[in-house]
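**Student:** Residue numbers (the working numbering), protein chains in the order written: chain P, 6 to 325; chain G, 6 to 325.
Be a bit skeptical, because a hint or two may be false.
No copy is singled out in the list; a pair is fine if it fits within one copy or between any two copies.
What the hints assert, rightly or not - Within a straight-line C-alpha distance of at most 25 Å, the following computed DMTMM-like cross-link-like pairs (lysine to aspartate or glutamate) qualify:
1. K111 / E73
2. K114 / E73
3. K115 / D178
4. K115 / E256
5. K115 / D13
6. K114 / D38
7. K114 / E39
8. K111 / D72
9. K115 / E39
These aren't lab readings, by the way, just hints derived from the structure by calculation.
Number of protein chains: 2
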Amino acid sequence: MKSLPTIDDVRAAAARIAPHAHRTPVLTSASLDEIAGAALFFKCESFQRCGAFKFRGACNAVMSLSDEVAARGVATHSSGNHAAALALAARIRGIPAHVVMPANAKAVKKAAVAAYGADITFCEPTLAARESTLASVVAATGASVVHPYNDARVIAGQGTAALELLDAVSGLDAIVTPVGGGGLLSGTAVTVAALAPLVRVVAGEPAGADDARRSLAAGTIVPSVDPVTIADGLLTSLGDLTFAIISRHVEGIVAVSEDEIIHAMRLIWERLKIIVEPSSAVALAAALAGGTAGARRVGVVLSGGNVDLETLPWSRPFST
Amino acid sequence: MKSLPTIDDVRAAAARIAPHAHRTPVLTSASLDEIAGAALFFKCESFQRCGAFKFRGACNAVMSLSDEVAARGVATHSSGNHAAALALAARIRGIPAHVVMPANAKAVKKAAVAAYGADITFCEPTLAARESTLASVVAATGASVVHPYNDARVIAGQGTAALELLDAVSGLDAIVTPVGGGGLLSGTAVTVAALAPLVRVVAGEPAGADDARRSLAAGTIVPSVDPVTIADGLLTSLGDLTFAIISRHVEGIVAVSEDEIIHAMRLIWERLKIIVEPSSAVALAAALAGGTAGARRVGVVLSGGNVDLETLPWSRPFST
């Protein structure tokens, strides 16, 4: 296994991405505090560049390459926020980004990646096709692969959100994040374990995609098989790096139902007046489901805000 | 006519509401700047208490009453954000709030006002019924009437948003707000005329409710008759105070179509990742329609975020 990122890596990432990434605001709501029975501090990565925390990790990876290696470009396969984030980071550095996307990826995702100037290669919508296509692209270009989460540079970058949160809010008892592949959760854990070891790190995960919870229980990575959830950023399995960190430092992973996710998402929209994607709401849902019971001051990381505004889970057609 | 509020009144209001109101953030978006061809600075009153700038004026009015007068309570007739704002300000001061609402007001509005502990009297949905019912309530209680906009204390309170915006952003060339009854626009004008007289003050108004634009053109108040617009916060006519200020200090009022309002609202949701009501979007729509042409740095006041999430103007039913 490659070596795990440390708090020094997180600090280095923070310095590296500072000129490019937003220091996102922390919002609060008296009415949400009342509902939760605790003071909640929402770290709004929905306001991050590209609309998600993913830019932190992708930017750190891109900016840490030597000029010689960087010149050959970066590459990844992704149908989501990581692809857009990597494309933007590469554009900022002035190097090529090669993105392998399944042909059935949503049009809005394709458009976002294309808008940042990435070179897109489409493939069949299977993991095998994605990996073999990526291998061909790398063979042809010499580009460096930046994995969406199982990469120490990416994990260190994601850990900078918790660094800012601890800096902005004193006396936290717990921090809760969503977990998919585990980049955000493990980055948060690295930061918190080093700087505020008494702060509990907890994650929320959709019950329909609860491979991380089962992995933690089994003591080994349980792959995600046929996950079904509205939280489309949380479908992936843990990697060896993220699993190693999460096993060591995370107190627990709470599975939440689709109804709980939608309810939490709607609360955030209504009370905080901000737009978050379902994956973000999983963190609040976990807190409301008792995942941070006993904590009086809870940091909640809202992972992103890239949602299709046409199809809201509670909407009906408009009429005047 | 009662005397017009001055910048000293705005400064006094700022001090008076400071312990209670939020100093709302100013957000920016590189992609919206590109679309507008100018640097836009969004003053987000959608994050204000009660979800709208209305809390500034209501709070200033409530906090400026003597203890003796305050003890008899405050009263208004409103079906919108002002009622909720007045109810909250009264609750903070610990005095009664009497709100006259049309019986057909939206359930969500009734619930919001009731949640802040106001005493609600329902009446027929006509202006005559609202005014006569309010008169009875005042006769019975001795409460002080706080008009939603044609009140110097309210106008001065609304002017504090521009005070904060000028403080937060240097070198503005123009500020654009929506206009309904004119409280926000006239408060903004009082502040800007005194502190930054070279900054142009411009308003957006729905074409289907463009009485303020016509009033400015006619040189006298033209009442709003049967207004039809999605921007339900902008249906009212100007009052003598707001008209007097607007005639003196406002450069122009731009009428925008329903399509332009919905397009601007969607841009704000998508690019700023925040929830605003249609009335807020009227300000951006006016800027995009050329209302601030020539200005390189434009302040845009987003008036509120209280929108029915069930019925978005662009939504279709959700399906997985």
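**Student:** Taking the hints in turn, state whether each one holds.
**Tutor:** Verification of the supplied hints:
Taking the closest pair of Cα atoms, K111 and E73 never come within 25 Å of each other, the shortest separation being 34 Å inside a single copy and 63 Å across copies. Taking the shortest alpha-carbon separations for K114 and E73, neither the intra-copy value of 30 Å nor the inter-copy value of 61 Å comes in at or below 25 Å. Taking identical chains as interchangeable, the C-alpha atoms of K115 and D178 are never at most 25 Å apart, the minima being 40 Å within one chain and 37 Å between chains. Taking CA atoms no more than 25 Å apart as the test, K115 paired with E256 passes in neither setting, with 37 Å inside one copy and 43 Å between copies.
Taking the shortest Cα distances, K115 and D13 never come within 25 Å of each other, neither inside one copy (35 Å) nor across copies (54 Å). For the homomeric pair K114 and D38, the shortest alpha-carbon distance between copies (22 Å) is at most 25 Å, but the shortest distance inside one copy (34 Å) is not. Only between protomers do K114 and E39 lie at most 25 Å apart by alpha-carbon distance; the minimum there is 20 Å, versus 37 Å within a single protomer. Taking CA atoms no more than 25 Å apart as the test, K111 paired with D72 passes in neither setting, with 33 Å inside one copy and 61 Å between copies.
In this assembly of identical chains, the alpha carbons of K115 and E39 lie at most 25 Å apart only when taken from different copies (21 Å versus 40 Å within one copy).
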